[in-house]
Amino acid sequence: MLESAKQLPRSDFLAIEAKGLVKIYGKQRAVDGVDLAIPKGMVYGFLGPNGAGKTTTIRMLATLLKPDAGVAHVLGHDLGKENDEIRSRISLTGQYASIDEDLTGMENLTMMAKLMGYSRREAKMRASELLKAFGLEEAAKRQVKKYSGGMRRRIDIAASIVVTPDLLFLDEPTSGLDPRSRNQVWDIVRMLVGSGTTVLLTTQYLEEADQLADRIAVINKGKIIAEGTSSELKAAVGSGTLNIQLVRPEDRVRAGNLLQQKILTTVHHSGDSASVTAQINDPALVAEAISELAREGIAISDFSFGRPSLDEVFLSLTGHSAEGEADAEEETL
Amino acid sequence: MTDYIEQDASRTVEFPMSETIASSKRPARPTVLATIGAFATRALLRIKHVPEQMFDVTLFPVIFLLMFTYLFGGAIAGSTAEYLQFLLPGILVMTVSQITMYTGIDLNNDIRKGIFDRFRTLPIWLPAALIGALLVDVIRYSIASIIMIGLGLLLGFRPEGGFIGVMGALVLILIFSFSLSWIWTALGLIVRSEKSLMMLSFLVMMPLTFISNVFVDPSTLPSWLQGFVSINPISILATAVRGFMHGTVTAEQIIWVLVVSVILTAIFAPFTMYLYRNKE
Numbered sequence: 001m002l003e004s005a006k007q008l009p010r011s012d013f014l015a016i017e018a019k020g021l022v023k024i025y026g027k028q029r030a031v032d033g034v035d036l037a038i039p040k041g042m043v044y045g046f047l048g049p050n051g052a053g054k055t056t057t058i059r060m061l062a063t064l065l066k067p068d069a070g071v072a073h074v075l076g077h078d079l080g081k082e083n084d085e086i087r088s089r090i091s092l093t094g095q096y097a098s099i100d101e102d103l104t105g106m107e108n109l110t111m112m113a114k115l116m117g118y119s120r121r122e123a124k125m126r127a128s129e130l131l132k133a134f135g136l137e138e139a140a141k142r143q144v145k146k147y148s149g150g151m152r153r154r155i156d157i158a159a160s161i162v163v164t165p166d167l168l169f170l171d172e173p174t175s176g177l178d179p180r181s182r183n184q185v186w187d188i189v190r191m192l193v194g195s196g197t198t199v200l201l202t203t204q205y206l207e208e209a210d211q212l213a214d215r216i217a218v219i220n221k222g223k224i225i226a227e228g229t230s231s232e233l234k235a236a237v238g239s240g241t242l243n244i245q246l247v248r249p250e251d252r253v254r255a256g257n258l259l260q261q262k263i264l265t266t267v268h269h270s271g272d273s274a275s276v277t278a279q280i281n282d283p284a285l286v287a288e289a290i291s292e293l294a295r296e297g298i299a300i301s302d303f304s305f306g307r308p309s310l311d312e313v314f315l316s317l318t319g320h321s322a323e324g325e326a327d328a329e330e331e332t333l
Numbered sequence: 001m002t003d004y005i006e007q008d009a010s011r012t013v014e015f016p017m018s019e020t021i022a023s024s025k026r027p028a029r030p031t032v033l034a035t036i037g038a039f040a041t042r043a044l045l046r047i048k049h050v051p052e053q054m055f056d057v058t059l060f061p062v063i064f065l066l067m068f069t070y071l072f073g074g075a076i077a078g079s080t081a082e083y084l085q086f087l088l089p090g091i092l093v094m095t096v097s098q099i100t101m102y103t104g105i106d107l108n109n110d111i112r113k114g115i116f117d118r119f120r121t122l123p124i125w126l127p128a129a130l131i132g133a134l135l136v137d138v139i140r141y142s143i144a145s146i147i148m149i150g151l152g153l154l155l156g157f158r159p160e161g162g163f164i165g166v167m168g169a170l171v172l173i174l175i176f177s178f179s180l181s182w183i184w185t186a187l188g189l190i191v192r193s194e195k196s197l198m199m200l201s202f203l204v205m206m207p208l209t210f211i212s213n214v215f216v217d218p219s220t221l222p223s224w225l226q227g228f229v230s231i232n233p234i235s236i237l238a239t240a241v242r243g244f245m246h247g248t249v250t251a252e253q254i255i256w257v258l259v260v261s262v263i264l265t266a267i268f269a270p271f272t273m274y275l276y277r278n279k280e
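Protein chains in written order, with the numbering used here: chain A, 1 to 333; chain B, 1 to 280.
Hints were generated in silico from the structure; no laboratory data involved.
Misleading hints may appear alongside valid ones.
With a Cα cut of at most 16 angstroms, we get these calculated EDC-like pairs of lysine to aspartate or glutamate [stated by the list, open to error]:
(1) A/Lys234 x A/Asp311
(2) B/Lys48 x A/Glu101
(3) A/Lys27 x A/Asp84
(4) A/Lys19 x A/Asp32
(5) B/Lys48 x A/Asp102
(6) A/Lys234 x A/Glu288
(7) A/Lys145 x A/Glu85
(8) A/Lys262 x A/Glu292
(9) B/Lys195 x B/Asp106
(10) A/Lys145 x A/Asp214
(11) B/Lys113 x A/Glu101
(12) A/Lys145 x B/Glu280
(13) A/Lys221 x A/Glu101
(14) A/Lys262 x A/Glu288
(15) A/Lys141 x A/Glu82
(16) A/Lys19 x A/Glu292
(17) B/Lys279 x A/Asp68
(18) B/Lys113 x A/Asp102
(19) A/Lys146 x A/Asp102
(20) A/Lys262 x A/Glu296
(21) B/Lys25 x A/Glu122
(22) A/Lys66 x A/Asp84
(23) A/Lys262 x A/Glu232
(24) B/Lys25 x A/Glu292
(25) A/Lys66 x B/Asp110
(26) A/Lys19 x A/Asp35
(27) B/Lys25 x A/Asp84
(28) A/Lys234 x A/Asp214
Pulled out of the complex, with its shape left as it was, chain A reads as follows (with noise of 0.2 angstroms):
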């Protein structure tokens, strides 16, 4: 405990201060020294591929998994020492719904309500409330194995909120479902931390990061390899993103030379094998560099140039795709 203080002082302001955080499964660093200082009343994002290590910093904060080093303080309480203090006031959703899918909606909230410390009663009322809060009233006394994979988010996310956390964490809470529910999910994110919760969110999806997260930390092999906000994500990898394409592939490798020279940028070879991405911090370069090409007999079919994506951010920040990786490794649990 005092070590713990020593190493690092407890704020007000913070609902997560963690310090050299590690987990290590086997040989691997599942987590591998993991900083972080989120403020309390605000969505925090973890972006980052399958098996970054996203799943095992949460399982850490949320007290299931005991970090092989490091210090943390959720809530002001100290991680491992004072985890009764951290469970009373944090709540999680994981991955997969955890509800019981045998029992129906009403049931699962009404068991949540009376192990929160409600009486039969009372738990029965606030069930009810927020079957009706997130338009789950008509499915109430089905059985939640029946229901549509965005019911079943919303009911997992009402469970953890019987009892209104002071902070939330939420495990890719959108993968799997349809746009129509996934606006529903984030309406909702929106709507708790209206009302004073802190959410750490973990997600694949850089569009949900980028609309959901009022700061982002990128991981990436159990490490955060950026943080900040969306827009200073964006800033650090550059104001906008050249991207050509190309009439002819056998080209590409020449025409990304050519640009890396002449413009002094660095240039991103995707999928698309006629197709060069580059990185452009002044507009003005654009023609320069388009002009370039076509001196050198370099034939193009289109480009586009914009404010890179979360994507780019990715991209420029680990050297492959977000996505590439995803389907390439395991979570980690």
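Take the given structure of chain A and dock chain B to it, following the hints.
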């Protein structure tokens, strides 16, 4: 189902969400009893929603009882009616001890489905989750027992110990089964899948139930096997249950069952709780 989803889709999202979503209060932590009660209610609701569970666990022993009585009764005891008096208490012991593994399977499912994680992040007294479930399992065991005894009576089972004797036997079976369940909860926390747990329990329970005095009088066995049969917990329980039902039970027989139960609980309950808290 389908029409609901369509109806749901036509609605343009926005729930009447407002400040109602935030809880108006933060109740005090539930008492241990209330926590156990909440978990027990959950287990009861599961029986209500998945009654097939009960069906599975009773069908197999019913078949066993009929098969053994009519197939081997004549050969083993001279007559089927005679054999039934010997076999029924034993089959009852076998049935209930075998269905104890469902406790482990339920727990294993909870882990795989993630609900286990939710319980572990609650500020509750954790053993309540297991105790609540185990208490309801005792109800499951009772129902299975009543079905078996009922069938036995129909087939001609006549317990000389009378109603009191049968009840005494039942209580003994329930105490033993509650204790045995802890083995399966511990294994349920260790093994990865439901399938491997079933396989494992089969490997343990098969020899334990067959190399016992459930089906035959051990005096016909080779002496080295008799040694195992006499210390087999299933035999110890079967002996006492048989004694209760036929009115010949001794204090020593009862005490041995209680000793075995206490030992099982003392080893496997803390072990389960250790695994439960430290599961990664």
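Going through the hints against the structure:
1. A/Lys234 x A/Asp311: holds, 10 angstroms
2. B/Lys48 x A/Glu101: holds, 13 angstroms
3. A/Lys27 x A/Asp84: Violated. A/Lys27 to A/Asp84 sits at ~31 angstroms, over the 16 angstroms cutoff.
4. A/Lys19 x A/Asp32: Within the cut-off at roughly 11 angstroms; holds.
5. B/Lys48 x A/Asp102: At roughly 10 angstroms apart (the allowed maximum being 16 angstroms), A/Asp102 and B/Lys48 satisfy the hint.
6. A/Lys234 x A/Glu288: With Cα atoms ~23 angstroms apart, A/Lys234 and A/Glu288 exceed 16 angstroms; violated.
7. A/Lys145 x A/Glu85: violated, 33 angstroms
8. A/Lys262 x A/Glu292: holds, 8 angstroms
9. B/Lys195 x B/Asp106: holds, 12 angstroms
10. A/Lys145 x A/Asp214: violated, 34 angstroms
11. B/Lys113 x A/Glu101: holds, 9 angstroms
12. A/Lys145 x B/Glu280: violated, 26 angstroms
13. A/Lys221 x A/Glu101: violated, 33 angstroms
14. A/Lys262 x A/Glu288: Holds, at roughly 9 angstroms.
15. A/Lys141 x A/Glu82: violated, 38 angstroms
16. A/Lys19 x A/Glu292: Not OK: A/Lys19 and A/Glu292 at ~48 angstroms, beyond 16 angstroms, violated.
17. B/Lys279 x A/Asp68: Holds: B/Lys279 and A/Asp68 sit about 15 angstroms apart, inside 16 angstroms.
18. B/Lys113 x A/Asp102: holds, 12 angstroms
19. A/Lys146 x A/Asp102: holds, 9 angstroms
20. A/Lys262 x A/Glu296: holds, 12 angstroms
21. B/Lys25 x A/Glu122: holds, 11 angstroms
22. A/Lys66 x A/Asp84: holds, 14 angstroms
23. A/Lys262 x A/Glu232: violated, 27 angstroms
24. B/Lys25 x A/Glu292: violated, 67 angstroms
25. A/Lys66 x B/Asp110: violated, 21 angstroms
26. A/Lys19 x A/Asp35: holds, 4 angstroms
27. B/Lys25 x A/Asp84: Violated. B/Lys25 to A/Asp84 sits at ~19 angstroms, over the 16 angstroms cutoff.
28. A/Lys234 x A/Asp214: Satisfied, since the Cα-Cα distance of roughly 14 angstroms is no more than 16 angstroms.
Checked against the numbered hints given earlier, the structure breaks hints 3, 6, 7, 10, 12, 13, 15, 16, 23, 24, 25 and 27 and satisfies all the rest.
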